[in-house]
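Participant: As a plain string of letters, each chain reads:
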Amino acid sequence: MSALATKALSQNESSVLADYGTQEFVTIYVADQILGVGVKEIQDVFAIQHLTPVPGAKREIAGILNLRGRIVTAIDARVKLGLPPRDDDAGFVGTMAVGVEYGGEAYGILVDRVGEVLRLKDSDFENNPINMDAKWKSISRGIYRLDGRLLMTIDIERLLGVKE
Amino acid sequence: MDELLAEFLTETNEFLETVDTQLVQFEADPTDSATLNNIFRLVHTIKGTCGFLGLPRLQFVAHAGETLLGKYRDGSLVATPDSVQLVLESIDRIKEILADLESTGAEPEGDDSELIGALERAAEGETVAPVAKKEAVKEPEPIKEHEPVQSNIPMTGNEGKWDADLGRHLKPGEVSLADLEAAFLAATVEEFPPKEEEEIVAIKPPEADRRSATTDRRVSARDDDDDAGARSASGVANQSIRVNVDVLEDLMNMVSELVLTRNQLMQMVRNSTNTEFKAPLQRLSSVTAELQDSVMKTRMQPVGSAWKKLPRIVRDAARDLGKKIDLVLDGEATELDRQVLELIKDPLTHMIRNSCDHAIETPDVRAAAGKPETGTIRLNAYHEGGHIVIELTDDGAGLNTARIRDKAIKNGLVSEEQAWIMPDAQIHRFIFAPGFSTAAAVTSMSGRGVGMDVVKTNIQLIGGEVDLVSTEGKGTKFFIKIPLTLAIVSALVVGEGNQRFAIPQLSVVELVSAGGTSEHRVETLNKARVLRLRDRLLPLMNLSEALGVENVKIKDEKTTQFVVVMQQSGMTFGIVVDEVFDTEEIVVKPLSSAVADAKSFSGATILGDGSVIMIIDPAAISKAVGETEDHSDEIEAKSKVEAAQQRDERTSLIIFRAGSPDPKAVPLGVVTRLEELDAATFEQSDGKTLVQYRGALMPIVPADSYASIRSEGAQPILVFTHNEHAIGLAVDEILDIVEEELDIEMSTDRGGTIGVAVIKGKATEIIDVGYHLTNSLGNWDEPAKKEEPRHIVLVEKNPFFRNLLSPLLKSAGYQVEAVDTVSAALICAEYRTPSIILADIDEDSESAKRLLTDERTNGAPVVALSGSSEANAEGFSALVKKSDRYGLISTIEYATKKGMAA
Chain D
20 MSALATKALS
30 QNESSVLADY
40 GTQEFVTIYV
50 ADQILGVGVK
60 EIQDVFAIQH
70 LTPVPGAKRE
80 IAGILNLRGR
90 IVTAIDARVK
100 LGLPPRDDDA
110 GFVGTMAVGV
120 EYGGEAYGIL
130 VDRVGEVLRL
140 KDSDFENNPI
150 NMDAKWKSIS
160 RGIYRLDGRL
170 LMTIDIERLL
180 GVKE
Chain X
34 MDELLAEFLT
44 ETNEFLETVD
54 TQLVQFEADP
64 TDSATLNNIF
74 RLVHTIKGTC
84 GFLGLPRLQF
94 VAHAGETLLG
104 KYRDGSLVAT
114 PDSVQLVLES
124 IDRIKEILAD
134 LESTGAEPEG
144 DDSELIGALE
154 RAAEGETVAP
164 VAKKEAVKEP
174 EPIKEHEPVQ
184 SNIPMTGNEG
194 KWDADLGRHL
204 KPGEVSLADL
214 EAAFLAATVE
224 EFPPKEEEEI
234 VAIKPPEADR
244 RSATTDRRVS
254 ARDDDDDAGA
264 RSASGVANQS
274 IRVNVDVLED
284 LMNMVSELVL
294 TRNQLMQMVR
304 NSTNTEFKAP
314 LQRLSSVTAE
324 LQDSVMKTRM
334 QPVGSAWKKL
344 PRIVRDAARD
354 LGKKIDLVLD
364 GEATELDRQV
374 LELIKDPLTH
384 MIRNSCDHAI
394 ETPDVRAAAG
404 KPETGTIRLN
414 AYHEGGHIVI
424 ELTDDGAGLN
434 TARIRDKAIK
444 NGLVSEEQAW
454 IMPDAQIHRF
464 IFAPGFSTAA
474 AVTSMSGRGV
484 GMDVVKTNIQ
494 LIGGEVDLVS
504 TEGKGTKFFI
514 KIPLTLAIVS
524 ALVVGEGNQR
534 FAIPQLSVVE
544 LVSAGGTSEH
554 RVETLNKARV
564 LRLRDRLLPL
574 MNLSEALGVE
584 NVKIKDEKTT
594 QFVVVMQQSG
604 MTFGIVVDEV
614 FDTEEIVVKP
624 LSSAVADAKS
634 FSGATILGDG
644 SVIMIIDPAA
654 ISKAVGETED
664 HSDEIEAKSK
674 VEAAQQRDER
684 TSLIIFRAGS
694 PDPKAVPLGV
704 VTRLEELDAA
714 TFEQSDGKTL
724 VQYRGALMPI
734 VPADSYASIR
744 SEGAQPILVF
754 THNEHAIGLA
764 VDEILDIVEE
774 ELDIEMSTDR
784 GGTIGVAVIK
794 GKATEIIDVG
804 YHLTNSLGNW
814 DEPAKKEEPR
824 HIVLVEKNPF
834 FRNLLSPLLK
844 SAGYQVEAVD
854 TVSAALICAE
864 YRTPSIILAD
874 IDEDSESAKR
884 LLTDERTNGA
894 PVVALSGSSE
904 ANAEGFSALV
914 KKSDRYGLIS
924 TIEYATKKGM
934 AA
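Taken in order, these protein sequences are the chains called D and X. Taking our numbering, the leading residue of the first sequence gets 20, the next gets one more, and so forth. Taking our numbering, the leading residue of the second sequence gets 34, the next gets one more, and so forth.
Some hints here could point you the wrong way.
What the hints assert, rightly or not - Distance condition first, Cα-Cα at most 30 Å in a straight line; then the derived DSBU-like pairs of lysine-lysine:
1) Lys-656(X) - Lys-77(D)
2) Lys-77(D) - Lys-440(X)
3) Lys-632(X) - Lys-154(D)
4) Lys-156(D) - Lys-632(X)
5) Lys-341(X) - Lys-357(X)
6) Lys-632(X) - Lys-77(D)
7) Lys-77(D) - Lys-560(X)
8) Lys-514(X) - Lys-440(X)
9) Lys-830(X) - Lys-914(X)
10) Lys-342(X) - Lys-330(X)
Because the hints were derived from the structure by calculation, they are not lab data.
Whole structure, please, built from the sequences with the hints as guidance.
Facilitator: Written out as structure tokens, the structure reads:
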């Protein structure tokens, strides 16, 4: 799956001029909501094999895991967005995660499904609607109008809880 | 900043640290020429390099310092504390300039002429002997000392040479660097080959060399010095290279990964039958282990490098405080991880300052206490089972137990009652409590509120422990136990729930199985579980509970459980886990900031099978165990009150057998000694059995009319004494000493027994000691025969002494009313006139004096109680020391008799 990010990156580089005024996002799905994360922010995408819970940590911390010798902190996007937990209670095994890095620390954001890479025009961007749920608003950068649906872009730093 | 300058800064900073240390050493022993040579060379190198790099301020300051040092070196001056102080000041100035240089990349503006002038005067003043006296920079003694030194040196040749040099030294700003270099090189050479004539020849070639060397690179300048000076040191220096710390850190991380990968491979091979990989893997394994060792070694530094600044700190502190302090460093070569070293530097410095400021007394106080005027602070480091132990010992005043106790009570760290029962060592540990400073005044050194708690926290942060032993008047010894390295720790892997956890081995004391059929029982006190382990009760908690997991299912006492006994912050407790796996060397990986609020963990690690487990932070667990105790505060307080009430009625009893198999008892308070005497030494006289005991004859009587005294072998004896008369009560066997509520349920008519009480579930006869005493000694104690038991009112604010004294008095046959205030005592006295009032005068002697004048006491004698035998007890009938139980009884006897007579 990390090839996806690489591909997106190379595309991005090769067509800098043509893509002026646009930005690329990886789409992720959490409980049918489509979300976007800046393609440059994503390190890799992986499936959870084994997750070690951390007693006493914040609720959205699903646990920590070993990703190629690095300790990665897994954050459950569902909990962070105040959505109901997943039906299958298999201890997150097989759940997809988007790997991001912040301040030298590795994080994995647990999502339901990872979609494709979208190039979105800046002209389609809107600020957060004022009546948006506070939990959502706290991690949203803004909204893109897609065909028939809305894509919320995620502020990774806020999602990780490192920036208020 | 260019590379050359950066390198210069690192190097010079290192030099300066060494110079600091060496100067202090030199000051202590001005005849130590090896040390002086070292200092001289270092300052010289700094100076040379500065000139090369075009840093005039540094150069002149260093030069002036060097000139003075040169005088010491050739013996024309002897170092005094003042002049060494001057050199130290110049070193400080160099440091200041360097700091600015580091941040701005350029030498700061400033005027050093005053300092340089002082240094020059110090150097010059002494050479011209008469001028020195006028200037009064030095005391006259150096001159006296300097003369014999001079006479040892070939006068004419050296003197002349120095004069020539001096001519140039005197004008530091006006001389070209090359000339200076040449002059100093000449000075260096001159010292070593002691023949005069050859020297002049010898100067020339190095001078030429030096010119080219200086323009080439300053490193070679240093080599020259090394060759000329310390030949021994040069070999080592050439074999080491500078490596950026980041490179080492990276290397360490990679090795850690390698170790983990190796572990994974080992695990896989272990599970498969395919043996093809076994041999190469074995080799990989051993190479990895060696690599790990070597890389660890690169991170190791002698602990002495963290101590370099200490001699200077101690010296300055001693000077500021007007004290004499020697700092002795031992085990400086003991190596530990760079990272750990960095982290203990500050706590250690703080502790040393504390010792200088608080522990070591001023010379006059020390002399008065019969100690040498110079105090000693000793720092010792050694390895102990994967840890480094640093001991900090001083021979100062020791901790003031009473003051710490008071402060602890005042700060609410401990209840008054507990504080008095606590052993001194535990009281001393309160100095590690936050905000705890007994220093009456804030000094520049310490007592600024940043106290030992910060030290302790810092040491605990790196998985270390700190403890102390202190004897008042003798000194204090601190122990700091720290892991050798932070990166790899030994840990015990345990299972709880479906998860595994690592507990650092440092805090694990032992593993026991408890409950069920095991010999260690688990008991429950209002939901709080405790483990009975070798006569100690340890608080017990499930690991999940301690980690804050809700709805923990707790196994009952009947099933066998694994208990990890842990020790942290002086507290020992048991943690129940489901499974215990193995001890493993684990690589500590830090947790991300998002998980930082899970306080129970200090990190995570990856096991051989690739799974991630959490590393438990023992400090957090001990806190969790402690907190549950806090939750049950109310209950505890209640049970405490109950316990206190019970204690009032409890009496210590000695249980024995005599005559019959049934147990018999006497109050322990009335027994003076327990003896076992050889029956062969017993003598018969006047129908009585006697024995020579402590230089007097002591009658021996059987404790029961049916019992007999042995005629051979060892005879256990309970010895009672009264008014210097002793009597031995022969018993068959001493069984136990218990603390029980003495409730005599049946009285007997039989002589010699008071009655029967239930003790430990058995009917036990309580022996009437008085009966036996009367029988064998006749009129041993007249007042005891009085019909009415005498009534005593005890006024003692401290519950500990109240509880201690009242059973003692009761056992001596008095009726005691123990109260905590004078007012309460007066009310008691009003209802029933006491034979005597015992009043504590330590707490509040003024109100105690009210007892003397208030008519409600009906003129009863008032005996003062004090902790000290020298207390002012004016007006009281007598003064008794609280701890003197025999003196107490006899004083009461005496005072009551006198009172009745009056």
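Participant: Go through the numbered hints given earlier and state which of them the structure violates, listing their numbers in rising order.
Facilitator: 2
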